[in-house]
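Enquirer: The lines below spell out each chain.
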Amino acid sequence: MSIREKFEITKKYSLLSYVLMTIGVLSVLLLYINYGSSEDEHDRSRFWASLLQNSVFFLLVVNAAMFFICTTILAWGGWATSFRRIPEAISSAVPVIGIICGAILLAIVFGGDHAIYHWTDTEHVKHDPILLHKSGFLNKTFFTVWTVLTIFLWWVLGKKIRSLSHSTDIGPMGVEVGKKFIWKNTIWAALFMIVFSLTVMSTIPWLWLMSIDAHWYSTMYSWYTFASTFVSGMALIALYVVYLKNKGYLEYTNQEHLHDLGKFMFGFSVFWTYLWFSQYMLIWYSNQPEETIYFQPRVNGVYKIVFFFSLIINFLGPLLLLMKRDAKRNYMTITLLAVLIIFGHWLDFFQMVHPGPSRDHVPMILYDLGIAAGFVGLIMFLTGRTLSKHALVPKYHPFFKESVIHHT
Amino acid sequence: MAVKKFIVGSFDDEAVLFPAVKQVRKSGYKIHDVFTPFPIHGLDKVMGLRDTSIHTAGFIYGITGTATALGFITWVATKDWPLNIGGKPFFSLPAWIPIIFELTVLFSAVGMVLTFCYLCQMAPFVKKDHFNLRSTDDLFVMALECTEKTNEKEAVAFLQNVGATDVVVDYKETEWWLGRYDKEIKIFEKGKQ
Numbered sequence: 407m408s409i410r411e412k413f414e415i416t417k418k419y420s421l422l423s424y425v426l427m428t429i430g431v432l433s434v435l436l437l438y439i440n441y442g443s444s445e446d447e448h449d450r451s452r453f454w455a456s457l458l459q460n461s462v463f464f465l466l467v468v469n470a471a472m473f474f475i476c477t478t479i480l481a482w483g484g485w486a487t488s489f490r491r492i493p494e495a496i497s498s499a500v501p502v503i504g505i506i507c508g509a510i511l512l513a514i515v516f517g518g519d520h521a522i523y524h525w526t527d528t529e530h531v532k533h534d535p536i537l538l539h540k541s542g543f544l545n546k547t548f549f550t551v552w553t554v555l556t557i558f559l560w561w562v563l564g565k566k567i568r569s570l571s572h573s574t575d576i577g578p579m580g581v582e583v584g585k586k587f588i589w590k591n592t593i594w595a596a597l598f599m600i601v602f603s604l605t606v607m608s609t610i611p612w613l614w615l616m617s618i619d620a621h622w623y624s625t626m627y628s629w630y631t632f633a634s635t636f637v638s639g640m641a642l643i644a645l646y647v648v649y650l651k652n653k654g655y656l657e658y659t660n661q662e663h664l665h666d667l668g669k670f671m672f673g674f675s676v677f678w679t680y681l682w683f684s685q686y687m688l689i690w691y692s693n694q695p696e697e698t699i700y701f702q703p704r705v706n707g708v709y710k711i712v713f714f715f716s717l718i719i720n721f722l723g724p725l726l727l728l729m730k731r732d733a734k735r736n737y738m739t740i741t742l743l744a745v746l747i748i749f750g751h752w753l754d755f756f757q758m759v760h761p762g763p764s765r766d767h768v769p770m771i772l773y774d775l776g777i778a779a780g781f782v783g784l785i786m787f788l789t790g791r792t793l794s795k796h797a798l799v800p801k802y803h804p805f806f807k808e809s810v811i812h813h814t
Numbered sequence: 004m005a006v007k008k009f010i011v012g013s014f015d016d017e018a019v020l021f022p023a024v025k026q027v028r029k030s031g032y033k034i035h036d037v038f039t040p041f042p043i044h045g046l047d048k049v050m051g052l053r054d055t056s057i058h059t060a061g062f063i064y065g066i067t068g069t070a071t072a073l074g075f076i077t078w079v080a081t082k083d084w085p086l087n088i089g090g091k092p093f094f095s096l097p098a099w100i101p102i103i104f105e106l107t108v109l110f111s112a113v114g115m116v117l118t119f120c121y122l123c124q125m126a127p128f129v130k131k132d133h134f135n136l137r138s139t140d141d142l143f144v145m146a147l148e149c150t151e152k153t154n155e156k157e158a159v160a161f162l163q164n165v166g167a168t169d170v171v172v173d174y175k176e177t178e179w180w181l182g183r184y185d186k187e188i189k190i191f192e193k194g195k196q
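One line per chain: the protein sequences are A and B, in this order. So the first sequence is numbered by the numbering used here: it starts at 407 and just counts up by one. So the second sequence is numbered by the numbering used here: it starts at 4 and just counts up by one.
Since the hints were derived computationally from the structure, they do not count as laboratory data. Cβ atoms here follow ideal geometry from the backbone N, Cα and C, with glycine treated the same way. Just so you know, not all the hints are guaranteed correct.
Unchecked claim - Simulated restraints on C-beta separations: (1) ILE100/B x GLU411/A: 46 to 54 Å; (2) THR118/B x ILE593/A: 42 to 50 Å; (3) ALA98/B x HIS767/A: 29 to 37 Å; (4) PHE94/B x HIS767/A: 27 to 35 Å; (5) LEU727/A x ILE100/B: 44 to 52 Å; (6) HIS533/A x VAL113/B: 45 to 53 Å; (7) PHE94/B x LEU538/A: 47 to 55 Å; (8) ARG735/A x ALA98/B: 51 to 59 Å.
The whole structure should be built from the sequences, with the hints applied where relevant.
Expert: Here it is in structure tokens:
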């Protein structure tokens, strides 16, 4: 079988990414003019909350692609080898989006406004026993150091794992060299996994998102955020697999691989719901005022529609539409559900971030959608660029054959 | 009781079995079933079996479980014996979700196991004929069902030709029955005359 070596960016593809990025920039500008430059702190927070929501969500989604690579490396799983350049390319967006996200976060922390992060108000914290108690963790220094370090480590470790993968393109390797290569991969993937567990699976969602509701806490929160972004990341990978298959690339990737990607989308949608429910049910059951305060605007307040709508499209949609085997092997349903899942979890992030600064009314979602379009364009641009630089099929990877003969 | 006539070919190699199954199907013989000591990937496709419907059955059992749990708890907690528990409403859905989930899993799991056993005709005390007992050990056994038009000798020769190590003509009971092998053995002895 002949292999088309590299992805060639079509005019349509780059045009679309530029258009989306333009929409994003315009939305940011418009939002800045209408809200960001306002005299009112509440209005300004609306601007920053939108940037926070979008940048954090898309950063975690592209980073989830590297998490997927590392899990398959650590499990010595070969099935994903034939399309592993796609998650790698997606994760190459981490540096750029990471810098954007880090800049936004630090601007919010040091900008002087306290509407989003109440704990940045040092005067107030002195008289607030709860925040004072948390101030060992929730303070500007720790936030800055940990945020910068986190983004830097994702960047560096991801880059290392990508360059290891690209090093296979030189030519076939012998058994001994192959063993060493796999072992080296395992070590670096394990390091990434440690960093990932200390960041995405624990501290980062606490710092970046949960501290919006600084008085409130939930032990489920980080897992919940992780599940949300991981399932969106799998959906994004599936979208790219379908796109490249349609363009005639990825000769060795077929329905069997798509089926497994579909299983990931299905399984982690259910996992997300499990965490959603566990977080909700325990708080509902014990009914403590300091805990129910988080759900007050979401379940009984103005965010009710967004809250339950995101549950429907993130749970019922994938559950019922992806349950059948044929649906997971069908390019059409996978595409449809991948888009639905990414949108649904983006909407979920919307209701995680906005009720903090804007408790009494739902902000106009069109601005946020515009900014999201900008990030989608940016991801398209960066991913396409990386895809076009390296071979699409790592045909000399030691596990390549395993992926070719894979069937579910 | 439906005793039928079969031509039973035994194969000692998986690699011979696959092309043999293909050739047998191509030449129009009716394969009753192929018995193997272990599951073989792709054999179902070669034999032309349709996909199993057991997952559809599982879905229906699951839905039944959901409905049963929801219906029963609703009836108990709101109609039959309403209790005030921590000031929660009588109809308190979040607290019931775990039970509803458990019953969904229980119904679909048990239902599918029982359905599987029924389809494979497996149950305590149920007896089935084996075409060749070594199909549980080291032989791959293919049984062709004879119709009125089947030429016995030709079929035997054909099976030997495609690689069967041993071919016999046999009468077997296709359904299951309750009882003991040694007492019931005559039911298919009769068919041979």
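Enquirer: Now, for every hint given, state plainly whether the structure supports it.
Expert: Checked hints:
1. Range check, ILE100/B to GLU411/A: Cβ separation about 51 Å, and the 46 to 54 Å hint holds.
2. Separation of THR118/B from ILE593/A is about 47 Å and conforms to the stated range, judged on CB atoms against 42 to 50 Å.
3. Checking the proposed 29 to 37 Å range against ALA98/B and HIS767/A shows it holds: the Cβ atoms sit about 31 Å from each other.
4. Hint check: PHE94/B to HIS767/A, Cβ distance near 30 Å, so the stated range 27 to 35 Å holds.
5. Taken as a hint, the range 44 to 52 Å is violated for the pair LEU727/A and ILE100/B, whose Cβ atoms sit roughly 21 Å apart.
6. Against the hinted window of 45 to 53 Å, the Cβ-Cβ separation of HIS533/A and VAL113/B comes to about 59 Å, which falls outside the hint.
7. Taking 47 to 55 Å as the suggested C-beta distance range, the pair PHE94/B and LEU538/A does not conform, at roughly 41 Å.
8. Look at ARG735/A against ALA98/B: about 38 Å separates their beta carbons, and that is not inside 51 to 59 Å.
Hint compliance for this structure: hints 5, 6, 7, 8 are broken, all remaining hints hold.
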